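Peer 1: Below, each chain spelled out in residue letters.
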Amino acid sequence: MAITCKIDGIDVCVADGTSILNAAKEVGLKIPALCYHPDLDAWAACGICVVKMKGSPKLIRACAVPVENGKEYITRDAELVDARKAVLQLILSNHPNDCLLCGRSGNCELQTMAADFGIREQPFAENFEPLERDESTTSLVLNPEKCIKCGRCVLVCQKLQGVYALEFIGRGEKTRLAPAADVKLADSPCIKCGQCSAHCPVGAIYEKDETAKVFEALTNSEKHCVVQIAPAVRVALGEAFGLESGELLTGKMYAALRRLGFDKVFDTNFAADLTIMEEGTEFIHRFTQAPQELPLITSCCPAWVDYMEKYANDLIPNFSTCKSPQQMEGAMIKTYYAQKAGIDPKNIVVVSVMPCTAKKFEVQANDDMSSVLKGVQDVDIAITTRELARMIKQAGIDILSLKEEEVDPLLGTYTGAGTIFGVTGGVMEAALRTAVAKITGKELGKVELDAPRGMDGVKSAELDVGGKKVRIGVAHGMVNIEKVLNEVRAAKKAGKELPYHFIEVMACRGGCIGGGGQPHGATDEVRAKRTAGMYKDDEISKIRCSHNNPEILAAYKDFLVEPNSHKSHELLHRKYNKRPVYNK
Amino acid sequence: MAYKNYCLVCAGTGCHANTGEEIYQELVKKARDLGVEKDVQVVKTGCFGFCEKGPIVKILPEEAFYVHVKPSDAEELIKEHIIKGRMVNRLLYKEDDKKTDTQGKIDDIKFYQKQLRIVLRNCGFINPEDIEEYIGREGYQALAKALTDMTPDQIVEEIKKSGLRGRGGAGFPTWMKWNFSKQSSSDVKYVVCNADEGDPGAYMDRSTIEGDPHSIIEAMTIAAKAIGASQGFVYIRAEYQLAVQRLEIATKQAREYGVLGKDIFGTGFDFDLEIRLGAGAFVCGEETALLASIEGERGIPKPRPPFPAVKGLWGKPTVINNVETYACVPMIILKGGEWFASIGTEKSKGTKVFALTGKIKNSGLVEVPMGTTLRDIIFAIGGGIKDGKKFKAVQTGGPSGGVLTTEKLDTPIDFDNLVAAGSMMGSGGMIVMDEEDCIVDIVRFYLDFSVDESCGKCSPCRIGGRKILNILDKIAEGKGEMDDIKKIKEISEAMKRSSLCALGQTTPNPALSLINFFYDELLAHIQDKKCPAGKCKNLLSFSIVRNTCIGCGLCAKKCPVNAITAEDCEPLPGKKKPPFVIDGKKCIKCGECIAACKFKSVVKL
Chain A
10 MAITCKIDGI DVCVADGTSI LNAAKEVGLK IPALCYHPDL DAWAACGICV
60 VKMKGSPKLI RACAVPVENG KEYITRDAEL VDARKAVLQL ILSNHPNDCL
110 LCGRSGNCEL QTMAADFGIR EQPFAENFEP LERDESTTSL VLNPEKCIKC
160 GRCVLVCQKL QGVYALEFIG RGEKTRLAPA ADVKLADSPC IKCGQCSAHC
210 PVGAIYEKDE TAKVFEALTN SEKHCVVQIA PAVRVALGEA FGLESGELLT
260 GKMYAALRRL GFDKVFDTNF AADLTIMEEG TEFIHRFTQA PQELPLITSC
310 CPAWVDYMEK YANDLIPNFS TCKSPQQMEG AMIKTYYAQK AGIDPKNIVV
360 VSVMPCTAKK FEVQANDDMS SVLKGVQDVD IAITTRELAR MIKQAGIDIL
410 SLKEEEVDPL LGTYTGAGTI FGVTGGVMEA ALRTAVAKIT GKELGKVELD
460 APRGMDGVKS AELDVGGKKV RIGVAHGMVN IEKVLNEVRA AKKAGKELPY
510 HFIEVMACRG GCIGGGGQPH GATDEVRAKR TAGMYKDDEI SKIRCSHNNP
560 EILAAYKDFL VEPNSHKSHE LLHRKYNKRP VYNK
Chain B
133 MAYKNYCLVC AGTGCHANTG EEIYQELVKK ARDLGVEKDV QVVKTGCFGF
183 CEKGPIVKIL PEEAFYVHVK PSDAEELIKE HIIKGRMVNR LLYKEDDKKT
233 DTQGKIDDIK FYQKQLRIVL RNCGFINPED IEEYIGREGY QALAKALTDM
283 TPDQIVEEIK KSGLRGRGGA GFPTWMKWNF SKQSSSDVKY VVCNADEGDP
333 GAYMDRSTIE GDPHSIIEAM TIAAKAIGAS QGFVYIRAEY QLAVQRLEIA
383 TKQAREYGVL GKDIFGTGFD FDLEIRLGAG AFVCGEETAL LASIEGERGI
433 PKPRPPFPAV KGLWGKPTVI NNVETYACVP MIILKGGEWF ASIGTEKSKG
483 TKVFALTGKI KNSGLVEVPM GTTLRDIIFA IGGGIKDGKK FKAVQTGGPS
533 GGVLTTEKLD TPIDFDNLVA AGSMMGSGGM IVMDEEDCIV DIVRFYLDFS
583 VDESCGKCSP CRIGGRKILN ILDKIAEGKG EMDDIKKIKE ISEAMKRSSL
633 CALGQTTPNP ALSLINFFYD ELLAHIQDKK CPAGKCKNLL SFSIVRNTCI
683 GCGLCAKKCP VNAITAEDCE PLPGKKKPPF VIDGKKCIKC GECIAACKFK
733 SVVKL
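Top to bottom, those sequences are chains A and B.
Every number in the numbering used here is 9 more than the matching position in the first sequence, counting from 1.
Every number in the numbering used here is 132 more than the matching position in the second sequence, counting from 1.
If you are wondering where the hints come from, they were derived from the structure by calculation, not from laboratory data.
There's no promise every hint is true.
Interface residues of chain A toward chain B, partial, derived using beta-carbon atoms under 10 Å [to be verified]:
#1 Val59
#2 Arg70
#3 Arg180
#4 Lys551
Predicted model, so just to flag it, every value in this text is computed and none were measured.
Using N, Cα and C, we set each Cβ at its ideal position, and we do this for glycine too.
Hey, can you work out the whole structure from these sequences and the hints?
Peer 2: Dropping the structure here:
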């Protein structure tokens, strides 16, 4: 049913249930709000988005209240501006005003709003309680002192991710953001996906900054520094430099990394192709010879692996034993590349640039992540897209004016299948491109598959592969996975046909393009643009199936022998462990 | 079997806590020991309302009203009243001014004379732990009528005719809530009773449940019939142990008697209810927070609409009414909406229970028709101010309300008049202040309460309340500035306009009362650095009047910080010893010296 109303004198027609804030957006009115985020149900905490409805004596929250038929709304007048300003000043009086020392300075939503409202003085006495930072994880830092209690992180963690690691503790003015049960974040159910940090409007949750370590390694002349870049970084990095979301920055990014001083620039997309070879082979084996080991569940996403080890460890046997592309690339750099280049792997520092905060956790998740040298990580430092952007700025590199450069050969060349790893459904699509070719013995005419694409939380399809039915499931946004897993559990328990043979899971909404380490401000609009960028990268790729990547073929011929070989298992595969949801 | 006498022992929270249970046990024991257990039935009842005089024992049929009874009085009461038929004069209630020995019927006691008991009709008359007694006083007749003779539409219509408005604070017409829920189509609907009473000093809901739990069960079942619900919840504070216990007994008995549960009265109508304990958060009295708490979520408010009547508990249509509202329902159904509407004022019908506390002679629960004046409640019923002090103001509406002064004493109290006067009905808390109460101090108390009880979700309330309180604290410390008044107004305005729920919107009310009605007293604090009521310690100094001090030194002996010493001088003419003097730097203004001095020589300045 459509609702017709007037907003600031403009006629608006929207679907029933549309909030005043979203209805106003339809006619180009952006009602200021601090706590509202389009990914989440309105929480109505900040009190900034108040508007008037004619005939109602009270101000109402535009974010949470749906428009009513025939009503007239006023979103801006002197009283509303004054009311919003007063609330903003109250919030500011309770917020440490050390903007210059804050990681969000420059793109903080509170700071921006204070500037927009022309706040020039603080009429109310300041008071806030000093609170301890939580730096217990290697991925994220919680600084509850900066928190404005907008609730976004808590809602993201609970409702979008289903993890329930974050909660508000205490009531009233003592309310503070903290890991659930007030334990340290590292001991909480946190999966380090970093969605909290991506949604935080201020500097209360942020990635653990490791840029200094990277600069140090780059400055150390004894170290050979090699960098790898994950697929989704190239479609989002530009946002930090004023480009439109989704704009491909691959070539300029390679150039900037060389300017930063990296000795070799490789691409994680290569390892994505390698993952397809390993995981595709694993799938074909299970599908054709060991159906009792189905479904096969992807393991590229470290937040998902963390979640699975804690919340769904009954399904460990169904997990692909493949490491993530980041870890495969690291292991290949310190073995294959090191041998070819004649460099002692001890002197190689592998830095990865990831759209993800959980990757920081993954580099030291277990002993398998140090598969080349005992006690030395295959990937030494994982930084996020946000950190790379800061490094480029700190180094004074004008990335936009750089000429595009090529990736270094050996572990850099990638196919269209490798690049779409950055988007939900991409791993599935890439794997199927190879699996179908291998099972049927025929290359696909049209490589694009529609079924795994799109923003539905769970996507499923049945595909005909050489006369056999392959049922696939794709889930993104951690909260959506439980439904898929429960279907599997129920079918197994009842001894029924499996609902899925192959399941892809990515913890973040939209996949890695919406990762917790990406530039701030992701909404579905932004995600759509980044996704389009990923598919464009696929389309412009000369080779679009992993098994046709010449560097992959060379790597097997020269080094790995064949997919799932003994060597592959030593370097490219891993084990999983049951872990408690809470550490004691 | 009829008894010669019925001995009703108040077992409301106040009397119960003050040896009421022992009195009951003693009376039972003595009656048995003295062989008259067949002549007298000793019954524990709900609250009589006249809590000032507790523990109270009433003996029927004489209606002897015994006050301040002790367990040791049991023997005398049985021997004299029950056996010999002679009233025990020394325990009988006496009006202060009359000095008469005895009081006859309850109706002769001034405290009760202007009261009209509908909500509290059974409190103090029946044993709340015995369903038979409730049934004996027309209990469950309204339910029978509603289930057998009335359609849901007729029930709602009767409530509409009665003009009943929600007693929880906002005064929303009850029939409208019921009607919204009735009209919402849904497979499941809920009926909820809000017993999360939280205003400081208010205890009418507690007493109603303790004294007459079946009236709530009956009313909720009627509401369920009206809207088509089969499940109810009573959300009650866990601290209300006695009420919870009596409600549990009552629901159990109601199920046994077939007035709750499956196929009630054989009509095929099913309704049952569960008791949910709240952890005592004030904001859980706000309906959306209450529902969240029942659902097991953090008790914090959500934006409305959608209103619970349409989308409430687990997203289903839910009627939520306060205890007192429900308590009116059976009588409305039995006697008709028109009867109820004949009581009260034009827009506020029926009666209202107030918890009268503070510096009042007769503390207690009073139920009066809407439209009764403050003067009648405070002076005629409440007996005026304690210890011959002067009336200063009365705070109504709890922490969300306001403070009313002498000029408002003749205001007929109803929902709308109280708002017009600058306060509100709230749940019916009424705290009376005398001339020695400092209004800045009282307002700080309420702000402190609200700051403590803010749920913390929305920023105007979470931050604003603390800011106002900090400013008031500063003023009480003698560090106030004129600019502070402006700031209080600004913050108050922000909170009223932008807070999500009524708690935040009304938290500044007491502070605004202070500015609007007690400006002179506020100015005295800010400009003259004086507290006219002598409460704000930082604005006081203690001093000894030299020429009346006889130098006895009693004050110095009592002083806990050795701030008082004898002056180093000759005795003043006509005195044997030199006067004493207080060292202002050491003095902690505890008042021990004032209490100690027999000559009233120590004074507050």
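Peer 1: Each of the hints needs a verdict: does it hold here or not?
Peer 2: Hint-by-hint comparison with the structure:
no.: 1; hint: Val59; in the structure: holds, 5 Å
no.: 2; hint: Arg70; in the structure: holds, 5 Å
no.: 3; hint: Arg180; in the structure: holds, 5 Å
no.: 4; hint: Lys551; in the structure: violated, 53 Å
Checked against the numbered hints given earlier, the structure breaks only hint 4 and satisfies all the rest.
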